[in-house]
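S.K.: Each protein sequence line maps, in turn, to chains R and P.
Using my numbering, you'd call the opening residue of the first sequence number 4 and step up by one each time.
Using my numbering, you'd call the opening residue of the second sequence number 17 and step up by one each time.
Simulated from the structure, these hints should not be mistaken for laboratory data.
A couple of the hints might just be wrong.
Here are the simulated lysine-lysine pairs, DSS-like style, with alpha carbons at most 30 Å apart [to be verified]:
1) P:Lys168 to R:Lys101
2) R:Lys284 to R:Lys321
3) R:Lys52 to R:Lys321
4) R:Lys184 to P:Lys197
5) R:Lys139 to R:Lys184
6) P:Lys168 to R:Lys139
7) R:Lys139 to R:Lys101
8) R:Lys101 to R:Lys52
9) R:Lys101 to R:Lys184
Since this is a predicted model, take the numbers as computed values, not measurements.
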Amino acid sequence: MSATFLELSAVSKRFSPRLSLGERIAAALGGDVETRTVHAVDGVSLTIKAGEALGLVGESGCGKTTLGRIAAGSMAPSEGIVRLDGVPVIGPGPHPRKLTTRIQTVFQDPFASLDPRMRIGDIIAEGPIAHGLVSKDAAAALVGEWLGRVGLDPSFASRYPHMFSGGQRQRVAIARALAMKPDILVCDEPVASLDVSIQAQIVNLFLQLRRELGLTMLFISHDLGVVRHICDRVAIMYLGRIVEIGAAEAIYGDPRHPYTRALLDSVPKLVIEDGTNVVFKPIQGELPSPLSPPRGCHFHPRCPIAMDRCRGEIPALKASGTQSAACHLAPT
Amino acid sequence: MTLPPALVAFWDDFRANRVALGALILGAVIIAGAVLAPVIAPQNTYDIASLNLMDARRPPGFVGSSGYVHYLGTDAQGRDVLSAIMFGLRISIQMGLMAGAIALTLGATLGVAAAYFGGRTEMLIMRIIDLQLSFPAILLALVLSALLGQGKTQLVTALVTAQYAYFARTAHGAASAERNKDYIEAALSTPLGPGSVVFRHLLPNCLPPLIVVATVQIANAISLEATLSFLGVGLPVTEPSLGMLIANGFQYMMSGRYWISIYPGIALIALIISINLVGDQVRDQLNPRLKR
C-alpha cells in the first residue's frame with residue numbers, strides 16, 4: 004500500500020500558439036515576432052501511492068486539467084516524465100502514443116465524452132475487447148456487470164447516450180473507465196457539470212467504488228467540499244504550480260499557504276452563525292494571465308501577506324508534518 | 017428489430033415536406049424504371065436485331081413494325097426512345113453512383129486524415145484540395161476525359177478526380193469540429209489505435225454532412241457525365257447514356273423531330289432535380305440550427 008505508484012517528476016507543459024505563415028516569414032527574416040507561451044504546468048512533482056486518492060484543487064485555468072491529462076498519459080509533458088511503477092506512461096516523439104491501459108480517465112462533461120453514435124454496451128466493451136481483456140462473446144456479460152456496479156440497469160446496454168440524463172451518462176463513463184481494470188483512475192472534474200443532487204450520487208458512487216475496488220485516484224476538482232469527501236491527500240494548484248500538498252485533514256484544518264486559506268475562506272457554506280449569514284471572502288483580484296505570470300511567487304499580487312522577497316524569488320515546497328507549502332512565510 | 021426512434025422521427029419530418037416527398041417518389045420511379053429496364057422496357061435497345069430502320073425518326077404515338085406503340089417516338093436508328101431512356105438511365109445512374117461512392121471514400125478519408133493528424137499533413141492535403149477547388153469541375157473532367165480517352169473506367173476516374181475535393185472539404189470541416197470533442201480524447205486515452213479512433217468514432221460522426229454532399233455530388237456526377245458524353249469525350253457509343261441520347265437527337269431538333277433529344281433531356285432533368293430536392297430536405301433536417 005505504501006509503495007510509490009504513479010510518479011510525476013518535474014513535469015512542465017508549455018503551449019505556444021502556432022505562428023501564422025506571415026509571422027514565420029517575418030521571424031525567418033529576422034523580424035521581432037512575439038511568441039506567446041503559456042506555462043500551463045510549471046515544474047510539478049507529485050507521487051500517488053497505491054490505494055490513495057489524491058485531490059487536485061485549483062481555480063479554472065490553473066492547469067489542473069492539463070496536469071491530469073499528463074498524469075493519465077494522454078498528453079506528453081514538455082519537460083519531465085511520468086512513470087507508473089517506474090515505467091513511462093507515454094512514448095517519445097512528436098506524436099506520442101499512450102503506453103499503458105492501467106490509467107483510465109473519467110471526463111468532466113458526460114454529454115461530450117460518450118460517442119453519440121455508439122450504444123452504451125459498445126462504448127463500455129470497446130476498450131476491453133481492443134486490448135484483449137475480454138473476448139467478444141464474453142463482452143456482454145462484462146458490460147452487464149459494470150453497468151450493475153455503477154448503479155445502472157444492465158438492459159441499458161443497447162441504448163444510445165442521448166437517452167440518458169447527465170448523471171446516468173457519467174455512470175456510463177465511469178463504467179467505461181473501470182471496465183479496463185485500471186490501477187489508477189484520473190477523474191477530471193467528474194461532478195462539475197452535474198446538478199448538485201446528482202453530484203452527491205456520483206460522489207457516493209466514487210466512495211463506494213473506492214471501498215469495493217481499492218481504487219487509486221487522482222481526483223481533479225475546483226470544489227473543495229467534494230474533494231474533502233473523497234480524497235486522502237490534497238494538492239492545491241495555482242497558475243501551473245503546486246502551492247500546497249498534504250493530508251486532507253491537515254490541509255483543511257491547518258492551511259499553510261495563503262492561497263489555500265483564501266480558497267477555503269471563499270467556499271460558500273450552509274452555516275448561519277449568530278443568526279446572521281456568514282459573509283464569504285472572495286479572493287481579491289483576478290487570476291493573472293498565464294501568458295505573463297507574475298515573477299517570483301505567482302500568488303503575490305493577490306496575497307494579503309506578500310513581502311518583497313515574494314516578488315522576486317520562487318518559493319520551494321517546504322515540508323512540515325504531513326503537509327508541504329510553497330510559501331516563504333510558511334512555518335517549517 | 018425495430019427502427020431507432022431517431023430514424024422514425026427523421027422520416028416523419030421528411031414526409032411533412034410535400035415537395036421533397038414528391039421528389040423522392042419521382043426519383044424512386046425513375047430509378048425503378050432504370051433498374052427494371054430489361055424486364056419492362058418495350059424494346060432491348062442493345063439488340064440490333066430488334067431495330068428496324070423503317071421505324072426511324074417516327075413521332076410519339078407511332079405504332080412500329082413490331083406492333084407496339086412508341087410512346088416517345090423513335091430515333092434515327094429506329095430505336096424506341098422510351099426504351100433508350102430507360103437503358104440510358106442505367107448507365108447514367110451507374111456512373112453517378114460509382115463516381116460518387118469512390119469520391120466519397122477517397123475524399124472522406126483524405127479530409128478526416130487531415131483533420132486527425134493536423135500540422136503539416138493537414139496543411140499539405142488541404143492546400144492541394146483548395147488549389148483543385150479553384151478550377152471548375154467541368155474543366156478538370158473535360159481535360160481528364162480527353163487525356164484518358166473513352167471508357168467507363170476512364171470516365172469514373174475523371175469524375176472522381178473532379179469531385180473528391182468537395183467531399184474532402186466537407187469531411188475536413190466536420191472532422192475538425194469532432195476531433196476536439198471529449199469522446200475522441202476518451203478513445204485516445206483508453207488507448208485505442210489511430211485506426212479505430214478514426215473509423216469507429218471520428219468518421220461515423222462526420223457522416224451526416226457527407227451524406228448531404230453525396231446526394232448533391234451524385235446528381236452533379238450524372239450531369240457531368242451527360243455533359244461529357246454529349247460533347248463526345250465521355251463514354252463510347254456502345255454505352256449510350258442520357259448525354260449521348262441527347263447528342264444523337266440534337267441534329268434533328270431544328271427539323272421538328274424534337275422528341276429524340278427532348279425526352280432524354282427531361283428524364284435527366286427530372287432525375288437531377290429529384291435527387292437535389294431530396295438532398296436539400298435531408299440537409300435541412302440534419303442542420304441542428306434549423307431543428308424546430
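S.K.: For this structure, which hints from the list above don't hold up?
M.R.: Numbers 1 and 6 - these are the hints that the structure violates, sorted from lowest upward.
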